[in-house]
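Q: With these hints in hand, go ahead and build the complete structure from the sequences.
Chains A and B are the protein sequences, given in the same order.
For what it's worth, UniProt numbering labels the leading residue of the first sequence as 1, then goes sequentially.
For what it's worth, UniProt numbering labels the leading residue of the second sequence as 1, then goes sequentially.
Each hint should be verified, as a subset may be incorrect.
Below, a sample of chain B positions facing chain A; criterion: calculated Cβ distance under 10 Å [as the list claims (entries may be wrong)]:
1. 38
2. 43
3. 67
What the hints contain is simulated information worked out from the structure, not anything from laboratory work.
Yeah, the Cβ is synthetic: ideal placement off N, Cα and C, and Gly gets one too.
For reference, the chains in residue letters:
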Amino acid sequence: MAKDETRDQTHRAIEAVFRIERARLLASLARMTRDVDRAEELAQDALLIALTEWPKTGVPDRPGAWLTAAAKRRLIDGVRHDAMRSRKQAEIGRELDEEQDMRVEAAEAALDDPLGDELLGLIFAACHPVISPEARAALTLRLVGGLTVEEIARAFLSNEAAIAARITRAKKAIAKAGLAFEVPRGAELQTRLGSVLEVVYLIFNEGYAATAGPSLVRPPLCAEAQRLARILAGLMPEQPEVLGLLALVEIQASRLSARAGSDGRFVPLTQQNRARWDQLLIRRGLNALDRAAALGGADGPYALQAALAACHARARTAEATDWRRIAGLYDRLGQVMPSPVVELNRAVAHSMAFGPEAGLRLVDQIADAATLRNYAPLPAARGDFLFRAGRRDEAKAAFEAAAALTANERERDFLLDRAAACGK
Amino acid sequence: MRVMVFVKATEDSEKGLPPTEEMTEMFEAMGKYNEELVNAGVMVDGDGLKPSSAGKRIAFDGASRTVIDGPFAEARELVAGYWVWEVKDMDEAVAWAKRCPNPMPGPSELEIRPFYEMEDFGDALTPELAEREQQLRDRLSGE
Numbered sequence: 001m002a003k004d005e006t007r008d009q010t011h012r013a014i015e016a017v018f019r020i021e022r023a024r025l026l027a028s029l030a031r032m033t034r035d036v037d038r039a040e041e042l043a044q045d046a047l048l049i050a051l052t053e054w055p056k057t058g059v060p061d062r063p064g065a066w067l068t069a070a071a072k073r074r075l076i077d078g079v080r081h082d083a084m085r086s087r088k089q090a091e092i093g094r095e096l097d098e099e100q101d102m103r104v105e106a107a108e109a110a111l112d113d114p115l116g117d118e119l120l121g122l123i124f125a126a127c128h129p130v131i132s133p134e135a136r137a138a139l140t141l142r143l144v145g146g147l148t149v150e151e152i153a154r155a156f157l158s159n160e161a162a163i164a165a166r167i168t169r170a171k172k173a174i175a176k177a178g179l180a181f182e183v184p185r186g187a188e189l190q191t192r193l194g195s196v197l198e199v200v201y202l203i204f205n206e207g208y209a210a211t212a213g214p215s216l217v218r219p220p221l222c223a224e225a226q227r228l229a230r231i232l233a234g235l236m237p238e239q240p241e242v243l244g245l246l247a248l249v250e251i252q253a254s255r256l257s258a259r260a261g262s263d264g265r266f267v268p269l270t271q272q273n274r275a276r277w278d279q280l281l282i283r284r285g286l287n288a289l290d291r292a293a294a295l296g297g298a299d300g301p302y303a304l305q306a307a308l309a310a311c312h313a314r315a316r317t318a319e320a321t322d323w324r325r326i327a328g329l330y331d332r333l334g335q336v337m338p339s340p341v342v343e344l345n346r347a348v349a350h351s352m353a354f355g356p357e358a359g360l361r362l363v364d365q366i367a368d369a370a371t372l373r374n375y376a377p378l379p380a381a382r383g384d385f386l387f388r389a390g391r392r393d394e395a396k397a398a399f400e401a402a403a404a405l406t407a408n409e410r411e412r413d414f415l416l417d418r419a420a421a422c423g424k
Numbered sequence: 001m002r003v004m005v006f007v008k009a010t011e012d013s014e015k016g017l018p019p020t021e022e023m024t025e026m027f028e029a030m031g032k033y034n035e036e037l038v039n040a041g042v043m044v045d046g047d048g049l050k051p052s053s054a055g056k057r058i059a060f061d062g063a064s065r066t067v068i069d070g071p072f073a074e075a076r077e078l079v080a081g082y083w084v085w086e087v088k089d090m091d092e093a094v095a096w097a098k099r100c101p102n103p104m105p106g107p108s109e110l111e112i113r114p115f116y117e118m119e120d121f122g123d124a125l126t127p128e129l130a131e132r133e134q135q136l137r138d139r140l141s142g143e
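A: In structure tokens:
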């Protein structure tokens, strides 16, 4: 019994080390084999070898290098084995062997590369634009975040079969495009980076503003996105938009526990208990934002959104919010990232800075936008402006329209409450 | 989960900073380790603390408050530095802690303590407290 417990503890300790190394190991193996499935198999093999060896030898000094070497031996054995089975393939096998040896050498050199070039290569491949954004998110969570398919399915309120299919499609797209698991250079870097940041923010938002289901926030997804943003900021500290995104997710995450009331209901920003905002995350976010600005990135779309979040984070009370500054930031954001959703938020900011009529004027300009036709926040904002302008009957209708459009039960409750309050 | 990792003090750390050469060496090793933590998205905060001779204690007993100047005895009970990490579980925290270069010249200790999280309070957040919070919220929203 006691022996089993020790064994169990040893296994858990080894698995924890493996989890730390897994993403980098996969990155290394994917670069060698250019095959994500094969890389995953080899990584799993390496774990099994470690589970047999390490209890005897202890965890090696450089577990990452050890695991890579073990996986590499498996890879080469596999190639030899295949070659032996078919004499015809012997020649091909040797060529493959040589080619792989070269890649293995490069990969070994990169193991000591503090720039984490390989891990970045894996992230860029998983977030490649040839893959749909949802599949990119699932694959990134699987490969880089180390989540199981079951965990991803639970996080996205989907079923395992659907997520597994999504991941398979993503892997096929990578294979078909012949991706090399490298970090893109030059002009391509910016486009591809945009695709990576989009995935991280998609994961964050799915956790932060759960679009469906009974729960308002799903903190594990936020934590994964934060971790990804922190990794990116650690590996690409010279990219202002990476820092902008990091600032944005840190500051927004600082409000996670204040966003849902004790009864689970949605609490809007202006009514949140600011004592529950996580000051450590706010400090980290403001720091990242300063660094983005120092690199000349203050007008990047993520940096501007982070600057907006920072306006709220800096205000000690809702009344102290600098709405004029927020309205100005939305004006700039509307220039660099024009979208009906930004215009809607701009309308809200202007209503707070200059009165509900200013908000109504702006919101009526975008009311016909096709993308906003079924977008609950539009009638919700309109309802708020009308309410504040004293037009209670119209406000009530707008809140009810918004409630009918939202798929989130908690949000619906909130909107129906507001509709009911119009009658008072 | 969020954990705080304490670097426990030793008699050496209580004496203040080590000689320049040793310090440079330690900074270099620790710097590399910190970079690993940052690049893994694990470290969210961390810093070193001056010896307890620079500290003060405030002792509470009923209504009385007594200020006690450092240094304090029992070096091993004192803290010389800390990190705040975000990890998936305690196993991961332990695996990271084991990789830390020895933070002190002699034998020393790290201690990992998880933060309380909202779920931990569970029923302690009584309906009365929830009600009070609701009132506070109502007051803030001016309803």
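Q: Which hints, by number, does the structure contradict?
A: 3
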